[in-house]
Each structure stands twice: as C-alpha cells, then as structure tokens.
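Colleague: First to last, the sequence lines map onto chains G and L. Sequential numbering of the first sequence, starting at 6, is according to my numbering. Sequential numbering of the second sequence, starting at 137, is according to my numbering.
Derived from the structure by calculation, the hints contain no laboratory data. Hints are supplied without guarantee of correctness; some may be wrong.
Straight-line alpha carbon distances no greater than 30 Å define the calculated BS3-like cross-link-like pairs of lysine-lysine that follow [said to hold, decoys possible]:
1) G:65 <-> G:7
2) G:114 <-> G:77
3) L:479 <-> G:17
4) L:409 <-> G:65
5) L:580 <-> G:45
6) G:39 <-> G:27
7) G:45 <-> G:22
8) G:39 <-> L:406
9) L:409 <-> L:243
10) L:373 <-> L:412
11) G:65 <-> G:17
12) G:77 <-> G:17
13) G:14 <-> L:243
14) L:409 <-> L:373
15) L:412 <-> L:580
16) L:580 <-> G:39
17) G:77 <-> G:87
18) G:65 <-> G:27
19) L:243 <-> G:39
20) G:114 <-> G:45
21) L:528 <-> L:409
22) G:45 <-> L:479
23) G:45 <-> L:406
24) L:601 <-> G:45
25) G:27 <-> G:45
26) G:39 <-> G:95
27) G:14 <-> L:479
28) G:39 <-> L:210
29) G:45 <-> L:412
Beta-carbon label-pair distances, calculated as ranges [unchecked claim]:
30) L:611 <-> G:67: 34 to 40 Å
31) L:408 <-> G:27: 50 to 56 Å
32) L:611 <-> G:38: 26 to 32 Å
33) L:479 <-> G:39: 40 to 46 Å
34) G:111 <-> L:415: 21 to 27 Å
35) L:521 <-> G:39: 33 to 39 Å
36) L:342 <-> G:55: 35 to 41 Å
Heads up, the beta-carbon is just placed ideally off N, CA and C, and yes, glycines get one too.
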Amino acid sequence: MKKIEAIIKPFKLDEVKDELNKAGIQGITVSEVKGFGRQKGHTELYRGAEYVVDFLPKVKLEIIVTDDLAEKVINTIMNTAKTGRIGDGKIFVSNLEDAIRIRTGERGKDAI
Amino acid sequence: MQSKCRMWIADCGIKLNPHSAFRNLQLKRGDLKMVIKKYFYVVLILLALTTFSVAGVFAEEAASAPAAPSWDAKFAADTVWVLITAFLVFFMNLGFGMVETGLCRSKNAVNILSKNVIVFCVTTVFFWFIGFGIMFGNGSPFFGASGWMLYGADNSPATGDAYQGVFASLNWTGVPLYAKFIFQLVFAGTAATIVSGAVAERIKYFSFFAFSVAMAIVIYPVAGHWIWGGGWLATMKTPFLDFAGSTVVHSIGGWAALIGAILLGPRIGKYTKDGKVNAIPGHDMGMATLGMFVLWFGWFGFNPGSTMAADPDAIARVTINTCIAGAVGGVAATFAAYLMLGKPDLSMALNGILAGLVAITAPCNWVTPFGSLIIGTVAGILVVYAVLFFDKVKVDDPVGAISVHLVNGIWGTLSLGLFAANVSGGITGLFYGGGIAQLISQIKGVVAVGVYVVVVSLIVWLVIKSVMGLRVEEDEEREGLDIGEHGMQAYPDFVGTSSTRGIV
C-alpha cells in the first residue's frame, strides 16, 4: 500500500477530486494547509503599511491506494492539477504499513 | 394527544397500523364517502366562524370611522419623524460594532462587541439620570442644573414662548418630551461609542465601562450644553452652529478617543523601534464594509432627523447633502489611497465615506449640494493623510476613529463658516459673501470644546488608570482579550465540547 500526499492549488481541488473518482479511488482526506516552496509568499497592503505573507494557502490531499493503483493516481493528479506556472505544488509518495477500518476491524487492502 | 388523534382518525374510517403510525394509512372501500361527509361538516363550521369574525371586525370599524382624529397632523408627523430617525441613529450601534470588529483581529472580537453592547446600555441609564439634565436643563451658560431623570415642569409639545418647563433649550421643537429625550439619547450613545474603536484591542473592559459612564455624565453633556443646551457658545453674538453634531458628537468622541489612545500606547508589534509601521490587518473586511453601510443608513436619521420636525424642505435638503458628502468622501479616499499607497485600500474607502458623513454633519442644513461635494472631497483626502499622520506619531488607532471623527468633525464644523450658502436661516459663510464672522465663531467653538474635552477626559482617564488600570497585561494582549477579559471566543469552531463542563 502507498500513501500519496499531494499539495495543490486550492482552486484545482474539485477537478482533481472528479478525476480521481473516475480513476476508481475510494476516499480522499483533504486539508487546508499553508506553506511555501519556491513560489515564496507575496506582499499585501493594509492602511499604508506593507506586509509579507510568507505562507500561501494550499490544499493537501491524502490518498491511500494499493501499489498497483499508485502510478495511475499520481498521473491523474499531475495532469489535472498542473497549470504550468510556479506554485502548482508537489506529490509525495510513501510506503504504508497498515490500514484499519474502525467499524469492522478489517485490515490492509480490505480497509481501503 | 396522540391517542385522541388516533381515535379521531379511526372514527373517520381510517385503519391505522399501530406499529407504523401514519405510514400505513389504509382506507376501506365505502368508508371514503363517510370521511368526505365528515370533512364537509368541519369545513362548513370553519367557514361560518370566519364569516362571523370578519363581519364583527367590519362592524367595529364602521362604528369608529366617523370620529375625527383627535391629534394635530403636524404634531403627529413631527413626532413620528423624530422617533423613526432616532431608531435609525440607534441602528448605528450595529454599524459601529461591525466596523470596529471587522477592522480588528478575531482574538479580540468578543471584547469589541461587548464594549459596543455595554456602551449604549450604560449611556441610556446615566444620560437619563444625569446627562440629559446637564445638557438641556435650565441652568448656567456652562451647564444645565435641572430636569434630573426627566422630572420637573414641562409642557411639551408647546414651543417658543408658550413653553414652560425646565428644558427651555429644546423649546424649538414641537414633540413630546420623551421623544426629545430618546432622540438626544441615541446621539449621546454615538459619542460614547466612538471611543471604543480607538482604544480597541488593549483596554481593560471595565476601565472602558467606567469611561463610558463619565462620558454620559460629564464630558458629553457639558460641552453639549454650550452648543445645543443654550450655553455660552449658542448665545454668542454670532452663535456657534453645529446642525447635527460634527463637534457635539464626533469631535467630543474623537478628542476623548485621542487622549485614551495616547495614554494606552500602541498595540504590541504595531510600531518597531526603527520607526517602521507594521500592518495589523482586520479579520473581516466583509463585516467592516457592511458596518459602514449600516452607519451610512443610520446617518439618514442622524442628520435629517436633527430638524426634529417633519419639515419637507429641510429634511430633503439635509438628506441629499448627507448622501453626496459620504459618496464623494469614498471616491476621494479611494483615489488618495491609490495615489499615495499604490492600491485603492478598501479600509480607507470605508473611512473616507464615514469622514465625508462626519464632515457634513455640522453644515448639512446650510449648504448646497455643490458645497457638500467640496466638503466631502476634502474630508476623504483628509482622512487618508490623518491615518498616515497618526501612525507617524505612533498614536495607534486600529479603526481610524480619530481620523474620521476628530479630524473631520473639526473640518466639518469649520466648513460651515466657509460654505454656508444662505439656504436656511440666513446663515452665510465666507465663500458665499457672508464675511468671516461665522468662521470665527466656528473656530471659537472648536477650540473651546477641544480644550474642555482634552482636559476633562485626561483627568478621567488618569483617575481610571490609577484606580483600576487602563491596559491589559502583555500576555493577555498577545493571547487576545476575548479569553483574558471574557473567557469566551467569537469563533470557537474547532474547540469541541469539553467533558469537564460545569459551574466554575
């Protein structure tokens, strides 16, 4: 099993979710996050004083998939979330030891 | 109840399955007719009852119709106008609450809302007990000394020489005493609430409470007596004029706010040692913007209501002047901010509209719409410079209350001496050939009120500081006054309910 974490631009969330659904994904966890990468922050203005916003808002998806689906999910996210401009985000993939469905106690693949 | 209902249904021939109430209504064939018959009788009885009651109402109306109204139409119109505009000014409490809360941080929202709530409650009690008597009661040229709690002789709505009572200064308006009081009360509340924004995010809640009491008893009524209560400014050879309170309400509130903000010092992190100004963005520009619109709406009570009579010409003139000054104030501030700061800052546009409204408050009855255009434009530009100026001298005013109410209260009061255009009461300013006399009177009033409010509010603030302290602890300020002062959050979305709930 793999855990795929994708940090994407917030306005791309709906599109990515729809495409992942089509790819056969059972569930996604989404969180609103802030951070910076190479895009860095931007400057804002309030009542005559400038200030720098270092951390930009992004959306983080967490998807747990079986090994054979991982590549398909990665490609789907990459193709959908891409705008070609700086700040499109990143995808992190890691091995996952176990998964448990709380209601039934099922483990591993069955719990996804 | 349920069993009764079931019996009735059963009676109508409907079989009810007791295990799935109402889901399984079964109608037997043949019983249908009986059901319709029963419903028919019910509908018939209802119809009959309705007819009787409607007939009864008409009969009553017919009996009372010929009697002529026992009140005088002008008296009624004036009273309704004064009360409705008073309600509009009351509604400005909502606007102040929203503007101030929106322009401050979310961790202080409960505190700011609480201040806005309590300030009107406090003002109501103390202005009724003492303030109204000091402001409008008969007395010396410096303060009134009668009419405590509205007691004393009063034959309102008699006006002019026919009036006999303790509130002679209000004998020009032909409405009941209680209407006069309510209208003046909401103005007193407005003056007191101006302070709240300038001292926001760092003042102790009960210290602000105490200052509000002083505002309602001493600061506002005494200066108000000089101008609206028949005091010395109103009885000068060329009387000082302030139609709806650029000085009486806004400057008084503004001076008190300025002294409070200076004594409190800036919020932590607002100014750095090398002279840099840090932005502390408000947490909800939507709320601030809606609040501004509420204030603007309330101003249509504030200024046109100050006629205290449903005088068609005057209220129409005052209304258009008010609207124009606010609108061009917004335009002027937007462009001033765009040219000076690089962006058309929304918070500056909001301040600009309010600045235009504050400025037109004194002259709104005596100027032309073109005069309002100039007055509002100057106000909108002035407010942007004022905000930047107060930041330069490190007087931290989170919502711009001092720039809006004090600076433009002064400007509006002076502008009357320049732009009064002989449209009402023969009042003519410098630019319309009236000479400099009115302007001189206006300057006298501005200086006198300024000196008085600065001295008295300084004393009051210092007494409060020595008795109960002014500013919250540094840790509390960082954490937010909501938790420190009120033990509550405005937006507790992710807190969850604790299992250890109970009475502390």
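Colleague: Give a verdict on every hint.
Modeller: Here's how the hints hold up against the structure:
1. G:65 <-> G:7: holds, 16 Å
2. G:114 <-> G:77: Measuring from Cα to Cα gives roughly 17 Å; hence the hint holds.
3. L:479 <-> G:17: Measuring from Cα to Cα gives roughly 28 Å; hence the hint holds.
4. L:409 <-> G:65: violated, 39 Å
5. L:580 <-> G:45: violated, 56 Å
6. G:39 <-> G:27: holds, 28 Å
7. G:45 <-> G:22: Since the Cα atoms of residue 45 of chain G and residue 22 of chain G sit roughly 26 Å apart, the hinted pair holds (cutoff 30 Å).
8. G:39 <-> L:406: holds, 24 Å
9. L:409 <-> L:243: The given pair, whose Cα atoms are some 25 Å apart, holds under the 30 Å limit.
10. L:373 <-> L:412: Roughly 49 Å between the alpha carbons, so the hint for residue 373 of chain L and residue 412 of chain L is violated.
11. G:65 <-> G:17: Given pair residue 65 of chain G, residue 17 of chain G holds - Cα atoms ~11 Å apart, limit 30 Å.
12. G:77 <-> G:17: Judged against 30 Å, a Cα distance of about 18 Å means the pair holds.
13. G:14 <-> L:243: With Cα atoms ~28 Å apart, residue 14 of chain G and residue 243 of chain L stay inside 30 Å; holds.
14. L:409 <-> L:373: violated, 51 Å
15. L:412 <-> L:580: Violated - the C-alpha atoms of residue 580 of chain L and residue 412 of chain L are around 37 Å apart, more than 30 Å.
16. L:580 <-> G:39: violated, 56 Å
17. G:77 <-> G:87: The hint holds at about 15 Å.
18. G:65 <-> G:27: Holds: residue 65 of chain G and residue 27 of chain G sit about 19 Å apart, inside 30 Å.
19. L:243 <-> G:39: holds, 20 Å
20. G:114 <-> G:45: Distance of about 38 Å is beyond 30 Å: violated.
21. L:528 <-> L:409: Roughly 12 Å separates the two Cα atoms, so the pair holds.
22. G:45 <-> L:479: holds, 22 Å
23. G:45 <-> L:406: holds, 24 Å
24. L:601 <-> G:45: violated, 45 Å
25. G:27 <-> G:45: violated, 33 Å
26. G:39 <-> G:95: holds, 13 Å
27. G:14 <-> L:479: Holds - the C-alpha atoms of residue 479 of chain L and residue 14 of chain G are around 26 Å apart, at most 30 Å.
28. G:39 <-> L:210: It is violated: about 64 Å lies between the C-alpha atoms, which goes past 30 Å.
29. G:45 <-> L:412: holds, 23 Å
30. L:611 <-> G:67: 34 to 40 Å: At 36 Å between Cβs, range holds.
31. L:408 <-> G:27: 50 to 56 Å: holds, 53 Å
32. L:611 <-> G:38: 26 to 32 Å: holds, 29 Å
33. L:479 <-> G:39: 40 to 46 Å: violated, 23 Å
34. G:111 <-> L:415: 21 to 27 Å: violated, 52 Å
35. L:521 <-> G:39: 33 to 39 Å: Holds, since residue 521 of chain L and residue 39 of chain G (Cβ atoms, about 35 Å apart) stay within the stated range.
36. L:342 <-> G:55: 35 to 41 Å: Taking Cβ atoms as reference, residue 342 of chain L and residue 55 of chain G lie about 37 Å apart, which means the hint holds.
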